[in-house]
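There are 2 protein chains.
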Amino acid sequence: MLKTRFTTAFDVSAPIMQGGMQWIGNAELAAAVSNAGGLGTITALTFPTPAALAEQVKICRDLTDKPFAVNLTTLPSIDPPPYEEYQAVIVDLGVPVVETSGSNPAVFVQSYHDAGVKVVHKATSVRHALKAERAGADAVAMIGFEAAGHPGELDVPLFVLLAAAARRISVPLLAAGGIANGAGLAAALALGAEGVLMATRFMATAEAPIHQRVKEELVARDELQTDLVFRQLRNTARVSKNSVSQEVVSILDAGGEFADVRELVAGRRGRTVYETGDLEAGIWWAGLSQALIDDIPTCAALVERMVREAEETITTVLAPETT
Amino acid sequence: MLKTRFTTAFDVSAPIMQGGMQWIGNAELAAAVSNAGGLGTITALTFPTPAALAEQVKICRDLTDKPFAVNLTTLPSIDPPPYEEYQAVIVDLGVPVVETSGSNPAVFVQSYHDAGVKVVHKATSVRHALKAERAGADAVAMIGFEAAGHPGELDVPLFVLLAAAARRISVPLLAAGGIANGAGLAAALALGAEGVLMATRFMATAEAPIHQRVKEELVARDELQTDLVFRQLRNTARVSKNSVSQEVVSILDAGGEFADVRELVAGRRGRTVYETGDLEAGIWWAGLSQALIDDIPTCAALVERMVREAEETITTVLAPETT
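Line by line, the protein sequences give chains C and W.
Note that the first sequence covers residues 1 to 323 in my numbering.
Note that the second sequence covers residues 1 to 323 in my numbering.
In isolation and in its complexed conformation, chain C is listed as follows:
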């Protein structure tokens, strides 16, 4: 197996973390990834109340005796979810790892550490990675421009972002965005990561709680079939290109404001896509790594294969070329 400072510090056998995914990251998926030797993640805000999150944590504990994480993204909001209550669940139930993003981690790292919870903070820039390290994060995930979800506004792809971060960050780095196979894992390790964080790739697994048609669509699509929506509002999200994402882009390109797309976005939700398999029902997440997805394996098969492919890349593709 591939051993790194990440696998040692987080007590996992494979340097592969499943990142937070709204409406997708439930206890069953997290447990499947953790049982496979990676680090699975329950996405807190997918569940309507802190009590519902607590129930998920308990289900996950029943399904695995391995470490797992809870994702809790905290953003400034007019009508925020009860973040502190969700945090209290993570702390009180002694969840092994929390995946954070959004706010400055200095605000919450200490309270997690006091409860023995390790913190993986997601950052889209070297500056934010340094801030997370100073705040005490146990690992930092560098989110490249390739990633689904919120890759930030700086458009620095993983190859350079990771290499630039590796020069200045001492805690273990995870590489995120554009990775779906063992070659990507080996490349990330070469560039200075000690593991990878994947979301899109885990959507196309047997255990992901989304409609089969969405998984098949991820297998079918290539690197040209995503959109960057909300770019004009400086809240860029990388999503699957469909009629809804195209409509949002064209309204905002024409000078529209958030108010002009609010109804469209609220009425046509990704959650409906995941539940019904109607690919045009709303905006749904997909990163550029979809170009590299060919099948819908179990999480166990995926993690095992990626580690084996990475080892093969290192021993057969790279090593024999050195003499």
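By construction, these hints were calculated from the structure, which means they are not laboratory data.
Using N, Cα and C, we set each Cβ at its ideal position, and we do this for glycine too.
Among the hints, erroneous ones may be present.
The calculated DSS-like cross-link candidates involving lysine-lysine, where the alpha carbons are at most 27 Å apart (straight line), are [to be verified]:
{"#": "1", "chain 1": "C", "residue 1": "LYS58", "chain 2": "C", "residue 2": "LYS131"}
{"#": "2", "chain 1": "W", "residue 1": "LYS241", "chain 2": "C", "residue 2": "LYS131"}
{"#": "3", "chain 1": "C", "residue 1": "LYS241", "chain 2": "W", "residue 2": "LYS131"}
{"#": "4", "chain 1": "W", "residue 1": "LYS58", "chain 2": "W", "residue 2": "LYS131"}
{"#": "5", "chain 1": "C", "residue 1": "LYS3", "chain 2": "C", "residue 2": "LYS66"}
{"#": "6", "chain 1": "W", "residue 1": "LYS66", "chain 2": "W", "residue 2": "LYS3"}
Sample of chain C residues lacking proximity to chain W, with all beta carbon distances greater than 10 Å (derived) [as the list claims (entries may be wrong)]:
{"#": "7", "residue": "ARG167"}
{"#": "8", "residue": "ASN181"}
{"#": "9", "residue": "GLY192"}
{"#": "10", "residue": "ARG268"}
{"#": "11", "residue": "ALA300"}
With the hints as your guide, set chain W onto chain C.
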């Protein structure tokens, strides 16, 4: 040394090519790279006439007995340079390798091959790479979104572009954009490349015929200090961020057309920056790899170090983690 199908087919000892660079790629730089074991490139259109290019090829032959390349980018134009005369120089003088981009390579590959000239075609998409392979290109360089110059309009970063191309292309692939050190070389090999093509990194070498202040600026800058100009005209170029690039972006963002920036661009040229070291004198090339440049070595020291770093990455960073 790192042996690949590229080093074998192109008869070089290091899997490192110096790509074409307008106003920079002269005989002395090309010979320095080739003497270092890489593949150096003279940039044809830097020289005002086909006769001047022929003179450069002769100088390069005097300086090295190793293979070298000439870059000739052919683009549709109202008032084009005499492309066929430049091509005739490459063919008549038996230049070992030509680096091409822009037009469909099917038009010219056969005439180069008839003269024993190998063709490296630069592509910014898998579709164009497939076209180049079908046309008979001997190698294809995949140009990621990170690259200086013209990274295309599709914004696919190297990590995914290279991995996606490697699944469908049989001829040797080079990786371009965002690479400046041995870790990047090792990562590119892991993702399926058989070598790397670098331009920005070679600007910051002792032999690059540009003002020292430009080289020092490349050392100083980070991954946030480039601009994408002419994006609105669908002719995107990645350049160093300065007052001129910012003015061009803001004029075009405000709805301006090419006519509105033509004078600005024509009056303030990159060539002046390279000659005088006045960093605000015009628009000049720089890719995201500038974030990873720390020094101004000779080409020999750079190539030797990159190969050694790549080997160290493979043998010490990657291999010991497998048990």
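To see whether the hints hold, each was checked on the structure:
| no. | hint | verdict |
| --- | --- | --- |
| 1 | LYS58/C with LYS131/C | 32 Å, violated |
| 2 | LYS241/W with LYS131/C | 25 Å, holds |
| 3 | LYS241/C with LYS131/W | 25 Å, holds |
| 4 | LYS58/W with LYS131/W | 32 Å, violated |
| 5 | LYS3/C with LYS66/C | 17 Å, holds |
| 6 | LYS66/W with LYS3/W | 17 Å, holds |
| 7 | ARG167 | 8 Å, violated |
| 8 | ASN181 | 7 Å, violated |
| 9 | GLY192 | 6 Å, violated |
| 10 | ARG268 | 25 Å, holds |
| 11 | ALA300 | 20 Å, holds |
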